[in-house]
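Note that the protein sequences, when read in sequence, are chains A and B.
Each step along the first sequence adds one to the number in the numbering used here, with nothing skipped, and position 154 is 1404.
Each step along the second sequence adds one to the number in the numbering used here, with nothing skipped, and position 9 is 86.
Read the hints as simulated data drawn from the structure, not as lab findings.
Quantities reported herein were computed from a predicted structural model and do not represent experimental measurements.
Mixed in with the good hints, there may be bad ones.
With the C-beta cut set under 7 Å, the calculated list includes, among others, these residues of chain B facing chain A [said to hold, decoys possible]: (1) Gly97; (2) Ala98; (3) Leu123.
FRET-style restraints, in silico, Cβ to Cβ [as the list claims (entries may be wrong)]: (4) A:Gly1405 - B:Thr112: 33 to 41 Å; (5) A:Ile1432 - B:Ser126: 24 to 32 Å; (6) B:Ala80 - A:Pro1272: 25 to 33 Å; (7) A:Met1380 - B:Ala122: 21 to 29 Å; (8) A:Asp1375 - B:Gly120: 45 to 53 Å; (9) A:Pro1272 - B:Leu85: 25 to 33 Å; (10) A:Glu1285 - B:Trp113: 33 to 41 Å; (11) B:Ile125 - A:Ser1416: 33 to 41 Å; (12) A:Leu1287 - B:Gly117: 32 to 40 Å.
Over 12 Å on every C-beta distance to chain B, these chain A residues come out as not near it, computed from the model [as the list claims (entries may be wrong)]: (13) Gln1276; (14) Leu1409; (15) Gly1420; (16) Asp1471.
For each residue, glycine too, the CB sits at the ideal point set by N, CA and C.
For reference, the chains in residue letters:
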Amino acid sequence: MELIEQAAPIESANPIESVDLPEPVQQAQAQAEAELLAEQEVAESVGPGTDAEAFWGAVPPVIETAEAAEALNVVDPTTTADTATLAESAAIAAAASSAGIVEGTAEDGFPGAAPGPMDVAAPMDSTVLMWRVVPICLLGWAVPGLGHIVSRRIGRGVLLGALVLSLFAGGVALQGKVYRPIEGEPLTYLAALGAAGVGVPYVLAHLGGYAEGDLMSATFDYGNTFTLLAGLLNLLILLDAYDVATGRR
Amino acid sequence: MTAHFGFLCLFSIAVGIVLGAMLRRRPRDAVVLATWIALGLIGGALMISWAMLLLPI
């Protein structure tokens, strides 16, 4: 009993309870409290239990048959949701969201942030996957950040795209070369695959004659690293764009 | 700018920003993670470079 008395001030200091709730939520909360009070009155009418029951709450009766469950008017929690519990959960979630405790709204993240962890993405069939995700990934590869922008993650797309394009342009400006596959040199295939991850700028650099770099420049190696890094980072960003397009984030 | 350390910082900051923006939803958390990643990369490179002095080469 001392533990319960000590816990009481902590419960009253809960920040969730100090938030003004909307009227429907208040009604649901009041209904849940009324049902809880009714249950406590029933428990008091039955008589005092053991100390363990007082601390942990009353132990529910064991129901072995469907007839017994029907007689006790017990709802199967596996098939039907308990309305009081749902109302309590909704009240707590709304209070926590309005207090800024739980993430889950677009306003508290990047512009157009992904839904929160409590949201469940709907399953996506193969047709939607083909016509929605594949174009987004292709756009994200062709122009860094465009996959996010198309998926309405505008802030993140602009930031990541500007960063990747700046790195690539910086690498070219530092007289670095943009890797291309060379026959007989297997490592250049890997390097070209990584650098080609930047998309259209990779093609433009080759077409415009900026891909060879200047071997005698002091910043040649730095430029190589930056152009390669831009392509690899865009491939990583592409994976994130895929997750965004499929609703995983 | 031709200093190796400057390019190392640019590299680390770029990687930190990308990973921070992708792995964290809230901008503040993303900035914190990006800072830690950038500092970790710079610090790791400095430690490895000093440790290489001990190699018999």
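Hint by hint, here is what the structure shows:
For Gly97 of chain B, the interface hint is violated, the least distance from its beta-carbon to any beta-carbon of chain A being 10 Å, above 7 Å. At a threshold of 7 Å, the smallest CB-CB gap from Ala98 of chain B to chain A is about 6 Å, leaving the interface hint in force. Hint on Leu123 of chain B is violated. Least Cβ distance to chain A is approximately 18 Å, over the 7 Å limit. Checked against the hint of 33 to 41 Å, the pair Gly1405 of chain A and Thr112 of chain B fails, with Cβ atoms roughly 19 Å apart.
Take Ile1432 of chain A and Ser126 of chain B: their Cβ atoms lie about 31 Å apart, and the range 24 to 32 Å holds. Against the hinted window of 25 to 33 Å, the Cβ-Cβ separation of Ala80 of chain B and Pro1272 of chain A comes to about 58 Å, which falls outside the hint. Remark: the range hint 21 to 29 Å for Met1380 of chain A to Ala122 of chain B is contradicted by a beta-carbon distance near 43 Å. A hinted range of 45 to 53 Å for the beta carbons of Asp1375 of chain A and Gly120 of chain B is consistent with their spacing of about 47 Å.
Between Pro1272 of chain A and Leu85 of chain B the beta carbon distance is about 53 Å. The supplied range of 25 to 33 Å is therefore violated. Against the hinted window of 33 to 41 Å, the Cβ-Cβ separation of Glu1285 of chain A and Trp113 of chain B comes to about 48 Å, which falls outside the hint. A hinted range of 33 to 41 Å for the beta carbons of Ile125 of chain B and Ser1416 of chain A is inconsistent with their spacing of about 27 Å. Between Leu1287 of chain A and Gly117 of chain B, the C-beta spacing of about 55 Å breaks the proposed range 32 to 40 Å.
Taking the minimum C-beta to C-beta distance to chain B, about 29 Å, the non-interface status of Gln1276 of chain A holds against the 12 Å cut. Distance check on Leu1409 of chain A: its Cβ comes as close as 6 Å (rounded) to a Cβ of chain B, failing to clear the 12 Å threshold; non-interface status is violated. Residue placement check: Gly1420 of chain A does not keep its beta carbon more than 12 Å from all beta carbons of chain B (closest about 8 Å). With a cut of 12 Å on Cβ distances, Asp1471 of chain A falls inside the contact zone with chain B, its closest approach being about 9 Å.
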